[in-house]
Amino acid sequence: MSGTRAALLWFGLLGAPAAWVLHLVLGYGLQEADCSAGASHWGLSSHPLEIAVTAVAAAIGLAAACAAGWSWRQVDRGSADPKGRVGFMAFGGIIVSLLFLAIIGVGGVGAVYLHPCTPG
Amino acid sequence: MTSPAARLQLALAPGRVRPSRSNGWWGMLLLVATEAALFGVLIASYFYVRFKTVDWPPDGIPDPNVLKALGLTALVVATTVPIFLAERGIRRGSQSLLRLGLLAATLIAGLYTVLQAYQLNEDWKSFTARTDTYGSLYFTITGAHLLHVGAGVLLLGWVTVRAWLRAYAIDRNAAVQVTALYWYFVNALAAVVFLAVYLSPLL
Amino acid sequence: MATTVERVERLERLWEEPTGIRTALLTVDHKKIGVRYLITASLFFVAAGLEALALRTQLASPRNDLLGPKTFNALFSMHGVTMIFLFVTPMLSGFGNYFVPLLIGSRDMAFPRLNAFSYWVYLSSGLFLYSSFLFGVAPNDGWFNYVPLSEHRFTPGRNIDFYALGLTFLAISSTAGAINFIVTIFRLRAPGMSINRMPLFCWAVLGTSFSLIFALPALTAANVFLELERKFGFHFFQPAKGGDPLLWQHLFWIFGHPDVYIIFLPAVGIVSSIVPVFSRREMVAYAWVALATIATAFIGFGVWVHHMFATGLPQISMIFFSAASLIITIPSGVQIFAWSATALRGRPVLKTPFLFVLGFITVFVVGGLTGVMFAAIPFDQQVTDSYFVVAHFHYVLFGGAVFPILAAVYYWVPKITGRLLDERLGQASFWLIFVGFNLTFFPMHISGLLGMPRRVYTYPDGMGWGIYNLLSTIGSFTLALGILAVIVNVVWSRRSGEPAGSDPWGGNTLEWATTSPPPHYNFPVIPIVTSANPNWDVVDRLADTTRLNRGELVLDDGHETLATTLLDADSDEVLEMPSESPWPLLVALALSVVFVFLLVDHYVVAAIGGLLTAAAVAGWHSEKPRIS
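Chains as they are written, first to last, in the numbering used here: chain C, 1 to 120; chain W, 121 to 323; chain Z, 324 to 951.
Keep in mind that the hints are not guaranteed to be accurate.
What the hints assert, rightly or not - Derived pair list, reagent style BS3-like, types lysine-lysine, alpha-carbon separation capped at 27 Å:
# : chain 1 : residue 1 : chain 2 : residue 2
1 : W       : Lys188    : W       : Lys245
2 : W       : Lys172    : Z       : Lys554
3 : Z       : Lys355    : W       : Lys245
4 : Z       : Lys554    : W       : Lys245
Claimed, not checked - Covered stretches of chain Z (in silico footprint by chain W; criterion: 3 or more residues with CB under 8 Å from a CB of chain W, positions within the stretch not fixed):
# : segment
5 : 554-564
6 : 889-900
In case anyone wonders, no lab produced these hints; they're calculated from the structure. Ideal placement from N, C-alpha and C gives every residue a C-beta, glycine not left out.
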């Protein structure tokens, strides 16, 4: 399998989970920084940044879903896959991407609409 | 370690001249992953406490000496070069590159260990782990790294001795690969600890 | 040219181990080690069960004085610690150890000596923890050991040191085991067993093992911080010194939540093994189930703050974790639908293993429903630290792990002993356990909503909680009777059970392609696999016999097994595996010295133990493979 094909296959599988991790770490981290005594002087106003992080994460997740979808179509059109392993990874990428996009979406809605630094 | 007879039995894919990484290499990769997670958690704890603390370092503790730390970090990270030359050397059959590379790395690593231990001892004179949480985190993180370096020095020493006793060859050097992997990790860690604990307080 | 009989005899000579004490201490046979894990874990289960019965007896009526608060605290703490750390994960490890090499068509685990080492350290750390009872200082701050109560100024006794050091010791065993399973599954699968043809139990073990690799360090860090505070006066959790008690909670739950998936996933793997066999059709949506397993493990790392919804964190911080906690139910739901569809579209055989699977589905779904309720922060904040939580986690843990373990006992023990368990006693044990379990834990939902807090050694009259507690206690003794029935069944069947033969259930995976019990070398010839249900592929299994007769892939030149490539399982190389060795035990003993002397503050001796450990590890790596 060519390097590009393999890269797209792996990105399709791992891109959305990686985007979610980014969303979680940065989203949570920025809120904590903004609301804390020791880091608020960095002036990381969290609201626009939360929106930005959510948008970037969603974009990466969507790109991964597309990459997985493309890989899946390649298999469908008959590219070599004697053991079904490539199709498995491509199909996996599609459903995994949708799942992690859902988490980014639900979390992002909250991050955008809730008020920063309100205790829960 | 495939006997000629066994190789005949295997339908080795065309173009596959040497087998994949050894089991031991995978094992070390996973050990590296778990230790990396450990340091991840230690450093996350450092920033967690830092976010809550208005002055950093608190309680009048002086800023860390970035230049000294940079020098020491550079010293240990530099050992990446002899280690790389040594492990690539033996994969191409060069005993001399292997031996000299390993010896150089072991000696420099040993020197770094002594110097870093001395430096931490000096730091302890101005603040200790009992002073406050900053102190506890500082010494726990740097101490944990030093312990990993120490283990690495033992490992390097062991492999160096065996290399000089001609234990390794072009097709029998898994131990060198595995040791090198661990050592690259320890060096990457040195850079991360430097950025987190020595450089970031200045931000 | 050797004949088939000569080859098999040679394999037998290469792989057999003599009986006796020496072999018992030196063995690296994954099957023997697997059985040890199963027996040791079962003993810890009984211990934790007796602790629970004592707790339930105390709580049966209000203002009871059977147990005082100090004893009660130690008992519920050790009940939790034992069940989670010393029973459920090692029990599943035991099944993994015995069956993963068989399931993938291999002759051993990737690191046989590391396997033996993992067991010795598990045993040592378990004894270390339980020895605390002998000195009257059992851990007593709950299984999650929150600061500040666990700090030195509030618990000066050694209770907490047993906890922190004991669990750190155990983590070494679990990490080693996880590394072993991952490399085994990555490298030793039979030719043709590409990742999409791997048994679902192996996917589960893979997910579990990666979770252990990344989650245990958080627990170790927490325990190390705590011990540095307790023994050397460091500061991590004290606000007056710039620290934060919530740091313990974060670190603990960064481990603690993935831990529940570490418990749940192998159990779910067992269910995925049993459902197709007892439905007599292949698993519906195999790919979905495999991916759901890994997705659950992965998302499990991003939900930990849901254990801290009542700690005053900012709303936006918590919402990320609420989102993941909601969505993580989807992959679990997918698996439940897949199992249900497989059973409904198949022709189910309602024997004991399948009954326990049905019990698992019922109980786990109830637990899952209350779990979704917890993901809603406002509801969570009302029921935090009440018996509603106790009900929830027992439904998901007992339902999600113990029922599948019991199913595995009835399903897989016949492969280990060569004899089936009694079916009627099996069914009776199932009903006793199912009824007893629900009678014990369902009333706790109610008493929790009525306000009964958890971890109380007694409660007042007139709160309306008494009746529910009494029902729970009656249920717990019923449950205990059911467990006793299982134990009796296992012990009895070893001698008197009906012979099982290679394949009593019509299994679809490779462990059923060899004898019961398997020979020391597992398979006389390395199987070649072309689907996810290799034992149902009659043509392939006949081809194995042909290759045995032709001497292809018999690997009888030494103590050998086959390594294959990671994704596609193409043949890669022949590996010479270690046999009996003293080093695993010696390293484990040296480590025990380290931990015992750290406990009693003799740091110099502990350091010497550390050097002995390093020396023993060097010895281990100097050992030459023995070719008999």
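Against the structure, the hints:
1. Taken as a hint, the lysine 188 (chain W) and lysine 245 (chain W) pair is honoured in the structure, with Cα atoms around 16 Å apart against an allowance of 27 Å.
2. Proposed proximity of lysine 172 (chain W) and lysine 554 (chain Z) is supported: the alpha carbons are some 25 Å apart, at most 27 Å.
3. Note on lysine 355 (chain Z) and lysine 245 (chain W): the hinted pairing is violated, with a Cα-Cα distance of about 54 Å set against a maximum of 27 Å.
4. Under the criterion of a C-alpha separation no larger than 27 Å, the hint pairing lysine 554 (chain Z) with lysine 245 (chain W) is consistent with the structure, at around 21 Å.
5. For a cut-off of 8 Å, the count of residues in the segment 554-564 of chain Z with a CB near a CB of chain W stands at 7, and the three-residue condition holds.
6. Counting residues of the segment 889-900 of chain Z whose beta-carbon sits less than 8 Å from any beta-carbon of chain W gives 8, enough to reach three: the coverage restraint holds.
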